[in-house]
Structures are given as C-alpha cells and as structure tokens.
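Chains as they are written, first to last, in the working numbering: chain R, 1 to 204; chain V, 1 to 301.
In case anyone wonders, no lab produced these hints; they're calculated from the structure.
Idealized CB from N, CA, C, for every residue including glycine.
Watch out, some of these pointers could steer you wrong.
Said to hold, decoys possible - Across the chosen pairs, the derived CB separations fall in these ranges:
hint, chain 1, residue 1, chain 2, residue 2, range
1, R, P49, V, H65, 25 to 31 angstroms
2, V, L294, R, S112, 31 to 37 angstroms
3, R, S111, V, A192, 32 to 38 angstroms
4, R, P49, V, L275, 24 to 30 angstroms
5, V, P60, R, S157, 43 to 49 angstroms
6, V, E103, R, T46, 36 to 42 angstroms
7, V, A192, R, G39, 24 to 30 angstroms
8, V, E175, R, S112, 40 to 46 angstroms
Unchecked claim - List of simulated lysine-lysine pairs, DSS-like, C-alpha gap at most 30 angstroms:
hint, chain 1, residue 1, chain 2, residue 2
9, R, K194, V, K106
10, R, K71, R, K194
11, R, K115, R, K83
12, R, K71, R, K115
13, R, K115, R, K194
14, R, K194, V, K301
To be verified - To give an idea of the interface, some chain R residues facing chain V are shown, with a C-beta separation under 10 angstroms as derived from the structure:
hint, residue
15, L22
16, F23
17, Y35
18, E45
19, M48
20, M50
21, N52
22, W90
23, F101
24, M163
25, W170
26, A173
27, V174
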Amino acid sequence: MNAALYLYPVWLRLWHWINALLFLVLILTGVSMHYSDAGWLLPFETAMPMHNACGMLLTLSWIAFVIGNLKTDNGQHYRIYWKTLPRELWQQSRYYAYGIFVNEPHPFHVSSGRKLNALQTLSYVGAMYALMPLLILSGWGFLLSALLPETLFGIGSIWVVAMLHLASSWLLAVFLLVHLYIITTGETVLTNLKAMLSGWHRVA
Amino acid sequence: MLSLPALAASTQQEQTSSNGLQAGGLEADHSADCMRCHQMATLAYRDRETGKVVNLSIQPESYTHSSHRALACGDCHHRSYQSYPHRLGRAEEALSCVGCHREQAKARQEVSAMEAINDEYQRSVHAALEVEEFSCFSCHNAHSFRPEPTDAPPAQRVAANNGLCLDCHSEQRGEIPVGHDWLPRPRDHWRAVRCVDCHSPVNGPERVSHRVLSGADSARHCIDCHTKDSRLLNQLYSWRSEQALTEQGFFKQALYNDAYIVGMSRNDQLDRFSLGVLALVLLGILAHGTGRWLSYRKRNK
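Chain V on its own, in the form it takes in the complex (with noise of 0.2 angstroms):
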C-alpha cells in the first residue's frame, strides 16, 4: 500500500510553515465556500464528450478521515473559482501527486517515495494499455482515499485494497473471476490475498509495487506464495507470526504455521518429528539385517 506520510502526518502548523499551505482542512474559510455546493452528493454533470457522468460531490466524513484531511480544497486547486459552474476542470489544472509529494518530502528533508512509485507505475499495464484518463487518482481518491494502516487485519487491508482494483475491475467479482479459472478457490483467495499481490513483481520493494502486471505476466505457480520463505507472504503477513503467538498461543499457531496446500503442511516441527521417525525405522532396519548377517556367518563358520 502507498505509504505517504508526508501530509497526512505533519501538523497543520508545520505544513502552513514550511511549505506556505493554507492548511486547516475544511475549516478554513475558503473551503467552507466550496463545499456549500461540493458536499451535495449528487453534485454531478454529464460530460458533453463522453457522454459520462463526472462526480463532483465530496463527502466530508471521508475528507476528514483521508491522508489530505489537514490540506485546504485552496491548498491544491489553486486556480480562481469565479464563475459557476467553473469552467475549467480537472485536467487543466494539472494536479500532479508526484510534484506534491515531492516537495513536501524535499520540505521535510525525507526521500519520497513517489519518484519511485511513478517510474513502477510507467512500467506498469496500465501505462501500458494506455487505458484512457489513467491517472493516480483512478484508483486513489484524493478526497477520501487513506492506506490502511500496517497494522490493520490482514483481512481488513486486503478488503481496502482489492476494493480500488474491483472499483474499475468489477467483472472479477463474479464467483468465475475472468481469467483466474485455473486459480482453485478464487473467493477465498480475493479474501485473503491482495491482487497485486500477485499482479505485481515477486522481487518488489517492501511496500506494494506501481507496477501492476498484466494477466499473462503475473504470478501463477502456487509455490510463488505458498512456501515458507515466500515473499507475497511476506510482504503482507511479516507482522502475522507474532500476532497469532500472542492471540492463539504457541500450538494452535505451530498448527496453522504456513497453513495453506502447498505451504500448509510445511510444518517445521512436524517434519523433523516424521523425518526423525523415519531415521529411526531406517537404523532399526539396519540394525536388525546387521544382527541376522551377523548370526548367519557365526552359524556356518
């Protein structure tokens, strides 16, 4: 998941500071003026061109509680509002998520993530495909959009996340995903996996790599996730071992350890214990066609 710390986490103060933002979220005086219409749920208008219904309707309960809560609407729509309806929409204002968060972490003397994420995303299928309007904000709202934090269920962050790719990719929720017919159990494996869990590179960074993968280039092979040293199990699971320690205590997590097909019988204990017994029928074995070879020569000595 998208880890930006750099707005969502700074004060309001240090912000208006540093980087000469108005700050103060939907509190300051001129985003009370834009939300008097902008809160309108069906504030909305069909596109003369495409013939689409464009959104306009900001919810401030999902403003207040997403990573830009603390920003101003002034803060980053900069251009004068004057008429109404304004003329101008977003695409000639240019917003652009990596020079934002570029100066903000310049600002705070951090490295930012962000020139990273966008060369993965220009790599990425949906660079690719050149799908038409893609932009960051097609699956990260700026005015609700929030990473689950870390420390979220697992169940709970793979809910959020595969919820921004099902938003566009709606045809995969059916029971037969399109395409992951040869994927056994696809309901559960929505439930439990994150889809770019699979659909991004094994060899990633840490956090989620930009650089969603096409269908054919993704990972298929079970082992890929479901072995011990698997990195998809990592990259979302790392924190899970201790969790399930401290929740279920030792045995029911030495039971579950890697639990799943491939990985799921991969139980380190359970394997020395069979390989030792295997050993010891093994020496037994030997011991007893040593003793009869033994008792054979003495015998016709």
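Just chain R, same shape as in the assembly (with noise of 0.2 angstroms):
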C-alpha cells in the first residue's frame, strides 16, 4: 500500500530552506573571521558584516519556528515521550548501527501526529531549544558587548560569550553533518529529502 502524509506545511518548508541557507551562510562566515588570517577565505571585512546580518536574521528565522511550533501542531513532534524513550533510544540505536546493513524494517514508523523518531527527537530539541538559543544569545552578546558586565562569573565576559559561541556553533555543525546524513536513511535515499521540498511523506 502506497499512502502519503502530508507532514511539512509551506511556513515549516520555507523556515526549514530559510534556516538552512542562512546556516550555510553562517558558517562560511564564521569560519572566515574564526580563521581570518589563513587568507583562502572570506576577507574578514565581507565576512564580518555578513555573519552580522544572517545572525540577525536567523534570530528572526527561529523565532518564527517557535512561534509556528505554538500556534499549529507542528510542535507536537517535539514531545519526548519520556516513558517509551528508553526502549525507543535501544531501538532506533541498534537499527542504525546493525538493522540497517541486514535490511531490517524501520523500526520507527511516521505519523501524523509523530514523524520523529526517538533519537531525532532528542536530538532536535537539543539543537533546536538548547543550542539554538545559546548560539543566538552569545552571537548577541558579541553584537552588544559594549552593554555586557566586565566579568561573568568572574571571567571576562566576552571571553565567556566567544565559548559559548564557538561551543554551541560547532556542535550545531556536528549536528548539521548527521542531519545531512540521517535523512538518507528513509524508505529510500532521498524519501526524506522530498519530503522536506514537496511536504508530503510517502508512506510504503
């Protein structure tokens, strides 16, 4: 049987494309002023203004997301179902690392009303409700670090606010890295990848 869930509304698709496009942005600026005298990348002058300015707007870009998540019931997918979480995290962890090279069926099957598995779930509200905030907060510290105290907790503050950026940022790349990865493994290679152009989940 061949169905078909429609998943991802136009406002997600467009935030997700928005928001990864910005990412890609971000990071090929970051990465510029990060290492500004290795002189392959992005002059720090074009860099600078630019990482400004996509921060800006990526702020703007996850405030949406939160706001969306609120107001429809995307937001539902970002529920841990923290009685079932134990055996799912099993579940979902020994499918990738050992189910999925002997054709074992997913283990994990998309609703309507849940369309992430454990493990994305976990890691989404990581990325998207922890680090997320932490990366815009300390980008905005940087952007405002004329108003900042002298010292956090009896560091440099700028100091404390560069970690933060430097940490949450990474981790986000990390992220990125498996997310680019995850999404291959669907019913088929690119299942996922439609489903985030067209909105709709071909169920097998």
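Fit chain to chain and form the complex, with the hints in mind.
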C-alpha cells in the first residue's frame, strides 16, 4: 500500500530552507572570521557584516519557528515520550548500528501525530531549544558586548560569550553533518529530502 | 617606547670623561643654584604673546627618577643665566634631542635610534599638521621623562604611554572618545593597548614608531590586532606568554591565550580538538554509508 502523509506545511518548509541557507552562510562567514589569517577564505571585512546580518535573520527565523510550533500542531512532534524513551532509543540505535545493514524494517513508523523517532526528537529538541538559543544569545552578546558587564562568573564576559558561541556553533555544525546523513536513511535515500521539498511523506 | 639608554645607563664618570659633561645631576654645584628657584612648584610666567602660562618648575623627585637624572642643569642649558628673570627662553637655546643623543651614541660607539626616530617623526601627523610649537618635548618632558621598562606589567606600560597622548588629547578621556565610536569597548582598549599601537604603522620597527598616524590612516580592523600572529600584539605582549605561563600555570594560559574576540577563540588546542572530532564524525558517516551500500549490493545480487 502506498500512501502519503502531509507532514511539512508550507511555512515549515519555507522556514527550513531559509534556516538551511542562513546556516550555510553563517558557517562560511564564521569560519572565515575564525581562521581570518588563513588567507583563502572570505576577507574579514566581508565576512563580518554578512555574519552579523545573517545572525540577526537567524534570530528572526528561530522566533518564527517557535511561534509556528506554538500556533500549529507541528509543536507536538517535539514532545519527548519519556516512558517509552529508553526502549525506543535502544531500538533506534540498534537499527542504525546493525539493523540497517541487514535490511531489518524501520523500528519507527512516521505518522501524522509523530514524525520524529526518539533519537531525532532528542537531537532536534537539543538543537532547536538548547543549542540555538545559546548560539543566538551568545551572538547577540558579541553584537552588544559594550552592554555586558566586565566579568561573568569572575571571568571576562567576552571570553565567556566567545566560548559559548564557539561551542554551540561547533555542536550545531556536527548536528548538521549528522542530519544531512540521517535523512538518507528513509525508505529510500531521497524519501526524506523529497518530503521536505513537497511536504508529502511517502509511506510504504 | 623610546629607548634612550645612552645617558641614563652610563655612569657619571664615563659621561664626564668621554663627553665633557659635568654630570652630577642636581648634586652639581650650579644645579643647586638653579634649583633654588626652579624647584618651586609655582614658578611660572604668563607669555605675553600667547597669553599661556609657562611652567618653569622642575620637581626634584621627578628629575632624579628621569632618564636625564645624571645630567647637571648646565650640561644642556649652556647659556649664562646672569639676569633674573632670564631673558632667553627654551626656544632660543635650540636644545636638540637628536644632536645630543647622536653625540652620546657616537661617544659610546653605538648606533643612535634618534636618526630613525626623527625621520619617523618628520613623517608623522604631528609634523604634518604643523602643530604650534610641537617638538620632542611636547611628549617627552626632559625633566621627568623615563621610558617604562620593557618588563613592566603591560597595564603599567600602557597607562604610562597613553598618559603622554592623553595629556594633550584630553577629549579622548571621555566615555565615548571622539572619533572612536566604531571601536567596541573603548575604555577597555584604552587600558589594554597603547594609542600608538593603532596610531602608528603596523609594520613599523620593534619599538613603537614615532610616525604617529592620523585617525584616517590608523589601524581600524579588529583583525589587525586580534589574530594569533598579530604584529601589534607582539609589540606589547611578546614576553607575556612566557610570564603568564609561570604565573598562571599551563591550563589557565591555554584557556586565555590570545583571548579577545577574534583572537579569543583562536585557541590552538581547542581548534585541533574540534576539527579532529568533526573529522571523526565525517569518517563515521562515510563508514556507515559504505556499509549500507555494500549490504544493499549484496542483497540485490
């Protein structure tokens, strides 16, 4: 039986691809500033205003995402089912580590009420509701550094801000890499990518 | 900072024998005569032409700690001062730092930095703007100036250095210094960097160049200072890492190394660690993908 679920409404797909574009530009410009003496990346003078502007847009995009999740039922996909979490985490991890190589069926089945498996839920909640606010706040910490106190927790506040920004951005870069790979583990390699383009998730 | 070792470092005997200087500092007979009046804190007069108060006071305490402390008054002020008040002022004496320091260097068979310093000064904004009566003495009071030792704590060197600039550029002492509105946290910069670090050519000599640049020509990009290999950082903090290592221990030094905004997160260990983990993640993904592809091929044979 071939059926399809409409999982990704227009606003969500728009948000996703705008977010993705901003992320790529922010990584490119951020790396250019971090390794500003490498010579083969964007010039610092170009990278800095681009990074600042895209960072501000990312803030808006993140707020839009949160509002969208509050206003529509997309928010339900980010609920953590604590009771079944350990079992589902085990099943999902076992599938990625073993089952996927021996053609076992997917342990998780996408439904209109739940499109993310336990591993995805945890990592998406971590990325969107923990790392992103940290990244955005520390980014604004740079932008408004003149308003920060001299020290935070007894350490120079700029240093705290820089380390938070560096750590959260780096963890999100790792998330992006894994995300790019994991979406190829759907029914077919392109199932999930197509769903994020058309909105329709094919169910086998 | 100016490095003027010629006078201060040499002993009085050497100076007397090689240069005909009387030396003896304020202990010399005639110096005591001069200081009878000139040590008065209020000794001054109002210049009739400019209307400005000219300070003639010399503080013995400052003088005896200055670079010129070994010199007697008459070593520089050659004219006879018979009439009171003296008729001739400093301008008529034509005191020349370059000339005197060149002579000193020659006598000690050293190369004087003064020629280069003078050359730099002639190309500086101070010379170009033809600021009224601007001379070496505008910044370096011959009766009190002493360069901070290079091993003094940076904050102390910075404060002493910037004090010279801020004496005239007093408008820069405000909360939002004029012309520096683009600079984040100006007060912190004032405390941590010397004015001349930005207001002199980045690729100048090891010592600070006397070619002071105008605001428009000065370093303006964060990256000029906040990078690992920054020349500006090196000028002031070349010895810092070593000192920090002994004072703060390795861990703290590793954490704070080059720590400030652009330079801040440029921590080599952290960079290597994060790039290493990223590479491992990529390798893991590649291995997993290859495994999937191989098992798919096997199944479909």
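Hint check results:
no.: 1; hint: R:P49 x V:H65: 25 to 31 angstroms; result: violated (49 angstroms)
no.: 2; hint: V:L294 x R:S112: 31 to 37 angstroms; result: holds (35 angstroms)
no.: 3; hint: R:S111 x V:A192: 32 to 38 angstroms; result: violated (58 angstroms)
no.: 4; hint: R:P49 x V:L275: 24 to 30 angstroms; result: holds (26 angstroms)
no.: 5; hint: V:P60 x R:S157: 43 to 49 angstroms; result: holds (45 angstroms)
no.: 6; hint: V:E103 x R:T46: 36 to 42 angstroms; result: violated (53 angstroms)
no.: 7; hint: V:A192 x R:G39: 24 to 30 angstroms; result: holds (27 angstroms)
no.: 8; hint: V:E175 x R:S112: 40 to 46 angstroms; result: violated (59 angstroms)
no.: 9; hint: R:K194 x V:K106; result: violated (83 angstroms)
no.: 10; hint: R:K71 x R:K194; result: holds (25 angstroms)
no.: 11; hint: R:K115 x R:K83; result: holds (18 angstroms)
no.: 12; hint: R:K71 x R:K115; result: holds (18 angstroms)
no.: 13; hint: R:K115 x R:K194; result: holds (15 angstroms)
no.: 14; hint: R:K194 x V:K301; result: holds (27 angstroms)
no.: 15; hint: L22; result: violated (20 angstroms)
no.: 16; hint: F23; result: violated (15 angstroms)
no.: 17; hint: Y35; result: holds (8 angstroms)
no.: 18; hint: E45; result: holds (7 angstroms)
no.: 19; hint: M48; result: holds (8 angstroms)
no.: 20; hint: M50; result: violated (15 angstroms)
no.: 21; hint: N52; result: violated (12 angstroms)
no.: 22; hint: W90; result: violated (18 angstroms)
no.: 23; hint: F101; result: holds (4 angstroms)
no.: 24; hint: M163; result: holds (7 angstroms)
no.: 25; hint: W170; result: holds (5 angstroms)
no.: 26; hint: A173; result: holds (7 angstroms)
no.: 27; hint: V174; result: holds (6 angstroms)
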